[in-house]
Amino acid sequence: MTTEKKEQPLNDFEERRRAALAMGGEAKLRARAEKGVLDARSRIDRLIDPGSFYESGLFGRSIMPGDEATTPADGKIAGYARIDGREVAVISNDFTVKGASSSLTNMRKIGQMRRIAAMRGLPMVWLGESSGARLPDNQGSRGMGTMLGNDPTQYQRMRETPWVSAILGYCYGSSFLYNCCSDFSVIRKGAVMAVSSPGLIELATGEKLSPEDLGGWRIHAETTGMVDMVVDTDEEALDALRKFLSYMPTHHKEMPPVRPTPAGSGEGMRTIQDLLPASRTQVYDMRKIIQRIVDNDSYFEMKARFGRVAVTALGRLAGRVVGIIANNPMVKGGTLDTDACDKIIDFLVLCDSFNIPIVMLVDTPGFLIGAEAEKRRATGKIVNFMNALQLVTVPKISVIIRKTYGQAYLNMGGGRNSDEVAAWPTAEVSFMTPAFAVTVVHGLRRGDPGFEEKLAEMEKENEVWGIASMYGVQHVIQPQETRDHLIRLLDVHQLRLSNGIGQHLMRAWPTSS
Amino acid sequence: MAKTEVKSEITGAVWKILVKPGDVVGVDEPVIILESMKMEIPVLAIDGGKVTEILVKEGEAVNEGQTVAIVEV
Numbered sequence: 038m039t040t041e042k043k044e045q046p047l048n049d050f051e052e053r054r055r056a057a058l059a060m061g062g063e064a065k066l067r068a069r070a071e072k073g074v075l076d077a078r079s080r081i082d083r084l085i086d087p088g089s090f091y092e093s094g095l096f097g098r099s100i101m102p103g104d105e106a107t108t109p110a111d112g113k114i115a116g117y118a119r120i121d122g123r124e125v126a127v128i129s130n131d132f133t134v135k136g137a138s139s140s141l142t143n144m145r146k147i148g149q150m151r152r153i154a155a156m157r158g159l160p161m162v163w164l165g166e167s168s169g170a171r172l173p174d175n176q177g178s179r180g181m182g183t184m185l186g187n188d189p190t191q192y193q194r195m196r197e198t199p200w201v202s203a204i205l206g207y208c209y210g211s212s213f214l215y216n217c218c219s220d221f222s223v224i225r226k227g228a229v230m231a232v233s234s235p236g237l238i239e240l241a242t243g244e245k246l247s248p249e250d251l252g253g254w255r256i257h258a259e260t261t262g263m264v265d266m267v268v269d270t271d272e273e274a275l276d277a278l279r280k281f282l283s284y285m286p287t288h289h290k291e292m293p294p295v296r297p298t299p300a301g302s303g304e305g306m307r308t309i310q311d312l313l314p315a316s317r318t319q320v321y322d323m324r325k326i327i328q329r330i331v332d333n334d335s336y337f338e339m340k341a342r343f344g345r346v347a348v349t350a351l352g353r354l355a356g357r358v359v360g361i362i363a364n365n366p367m368v369k370g371g372t373l374d375t376d377a378c379d380k381i382i383d384f385l386v387l388c389d390s391f392n393i394p395i396v397m398l399v400d401t402p403g404f405l406i407g408a409e410a411e412k413r414r415a416t417g418k419i420v421n422f423m424n425a426l427q428l429v430t431v432p433k434i435s436v437i438i439r440k441t442y443g444q445a446y447l448n449m450g451g452g453r454n455s456d457e458v459a460a461w462p463t464a465e466v467s468f469m470t471p472a473f474a475v476t477v478v479h480g481l482r483r484g485d486p487g488f489e490e491k492l493a494e495m496e497k498e499n500e501v502w503g504i505a506s507m508y509g510v511q512h513v514i515q516p517q518e519t520r521d522h523l524i525r526l527l528d529v530h531q532l533r534l535s536n537g538i539g540q541h542l543m544r545a546w547p548t549s550s
Numbered sequence: 135m136a137k138t139e140v141k142s143e144i145t146g147a148v149w150k151i152l153v154k155p156g157d158v159v160g161v162d163e164p165v166i167i168l169e170s171m172k173m174e175i176p177v178l179a180i181d182g183g184k185v186t187e188i189l190v191k192e193g194e195a196v197n198e199g200q201t202v203a204i205v206e207v
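The listed protein sequences correspond, in order, to chains E and L. Those letters in the first sequence? Residues 38 to 550, by the working numbering. Those letters in the second sequence? Residues 135 to 207, by the working numbering.
Honestly, the hints are just simulated from the structure, not real lab data. The reader is advised that the hints may include incorrect statements.
Claimed, not checked - Okay, derived cross-link-like pairs now, SDA-like style, lysine to any residue, Cα gap no bigger than 20 Å in a straight line: (1) Lys172/L with Asn499/E; (2) Lys226/E with Val207/L; (3) Lys172/L with Gly484/E; (4) Lys497/E with Lys172/L; (5) Lys172/L with Glu465/E; (6) Lys325/E with Leu178/L; (7) Lys325/E with Asp162/L; (8) Lys172/L with Ser467/E; (9) Lys325/E with Glu174/L; (10) Lys172/L with Gly480/E; (11) Lys226/E with Ala136/L; (12) Lys172/L with Glu494/E; (13) Lys172/L with Thr476/E; (14) Lys172/L with Ser316/E; (15) Lys172/L with Met495/E; (16) Lys172/L with Ala493/E; (17) Lys150/L with Thr318/E; (18) Lys226/E with Thr138/L; (19) Lys65/E with Lys43/E; (20) Lys172/L with Leu492/E; (21) Lys172/L with Asp485/E.
Fair warning: this is a prediction, and the values are worked out from it, not measured in the lab.
Can you make the complete structure from the sequences, with help from the hints?
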């Protein structure tokens, strides 16, 4: 008799556990697998250290009468896991359960993960694929009163810990919201992020759109800049999240992890100057210069398809994580545009929030000017960029490779906008490009008598020796010395007085600006 | 096979055309070179693939956003 009483609850436990782990059922799971798309639990397994998942809310179900049986884990799987031995909090949306739509129970799970991550210093991982608010749960004034808006900090980002997000299917509702709050976002080709689905848009406005045209990878990687990376498969997306987190501390009061310097790092420095064309009118790919400077296999570019006149990349120098901001003359000659401003600001905020020193590599003729630039709010973007740069409290080291002109000289760390400025002997520094300056200063245009002489004079005045002689740059270095120079100065500039931790003055800067 | 448009990101004049229909280009390989802002600025193929059409001629002015070539990915 006693044994039977004990066994019943234990049997219930096992049965309920099996049912919860079954997700939306075999047929739905098989259909996904046939398309080469992982399910919500397989995604977690692929992401984390083997066997480290500790689930929270396995027995959560819908509170709506009649829905209990069809809502295993209520469509959002939550828990703690380890990545590279470090604890993280995870939400993985299970699209096979009511499209992972948001409900009272699963929003509580999200709230718990967010709170614990912030309080205990765990990175937050979002695996996105969701259809939006669940109906009829959220319908009507009673639905709205019960479900939405009950957490006054739901979308608040104070950057206590890094957040990463993968867009792995249709991401409407909570998946787009938390993606756009994140510090790093990767999209798998074929996935979609949008405020609402094409079906709802057609009902509301009559506009017919394919999901891809509404919010596919090209839109977000190339036009909106809302994602940082594009990959082909779920597996690659999960690997990208792991990789990004390897550059991050687990929370904002910690330094990023230091790794051993890979063998052969810096060997390419001997011939780095060969990457720079002989003529100042020819361009080159700055990414190749960066890859020579940083530790081998440590280059991790973000937003590679957006604002391409600028490069933002994480990397390591002698094992320590750095954030690199550079102009890329290969695209538009390196002329800074408004997309590049947004991209750089996002990256400055990221680095400053997580105690990552910044290296700037400079070669830009200035900001893109003209009517189109003004319409895109160039003036405001340039000022936001400067404000962010001056709020940075981690070390900033800049190296002028070639051109630096006018306002862009300041935005790229010139003057006192870096802790140290170095220049290669190839640097040219001035207010505007000499050909235009001859016209402004002397009233001469190309072809006028005397133009070429004045141009030669001005080009000479732009050489680095003038600014070096008045200590406007602190160092003139040979190209091949750049890696050693940066390693030494990042050592000098460690934040010793605060154990490497910055002030995080931009912790509340808007995400996805 | 999807067709992608290679677009100029800047206003300028076509200085050199580097590929012809049938050529295969890699990701971020230059397709044409523009003269713009007193610099030689390449227009790059964002996606690698086979060039099927070149839509500009040397010396021609192109605008920002103008399609200069089609690449079959």
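Checked hints:
no.: 1; hint: Lys172/L with Asn499/E; verdict: holds (17 Å)
no.: 2; hint: Lys226/E with Val207/L; verdict: holds (14 Å)
no.: 3; hint: Lys172/L with Gly484/E; verdict: holds (15 Å)
no.: 4; hint: Lys497/E with Lys172/L; verdict: holds (18 Å)
no.: 5; hint: Lys172/L with Glu465/E; verdict: holds (15 Å)
no.: 6; hint: Lys325/E with Leu178/L; verdict: holds (16 Å)
no.: 7; hint: Lys325/E with Asp162/L; verdict: holds (13 Å)
no.: 8; hint: Lys172/L with Ser467/E; verdict: holds (16 Å)
no.: 9; hint: Lys325/E with Glu174/L; verdict: holds (19 Å)
no.: 10; hint: Lys172/L with Gly480/E; verdict: holds (19 Å)
no.: 11; hint: Lys226/E with Ala136/L; verdict: holds (14 Å)
no.: 12; hint: Lys172/L with Glu494/E; verdict: holds (18 Å)
no.: 13; hint: Lys172/L with Thr476/E; verdict: holds (15 Å)
no.: 14; hint: Lys172/L with Ser316/E; verdict: holds (12 Å)
no.: 15; hint: Lys172/L with Met495/E; verdict: holds (16 Å)
no.: 16; hint: Lys172/L with Ala493/E; verdict: holds (15 Å)
no.: 17; hint: Lys150/L with Thr318/E; verdict: holds (15 Å)
no.: 18; hint: Lys226/E with Thr138/L; verdict: holds (15 Å)
no.: 19; hint: Lys65/E with Lys43/E; verdict: violated (35 Å)
no.: 20; hint: Lys172/L with Leu492/E; verdict: holds (14 Å)
no.: 21; hint: Lys172/L with Asp485/E; verdict: holds (18 Å)
Comparing the model with each earlier hint shows a violation of hint 19 alone; every other hint is respected.
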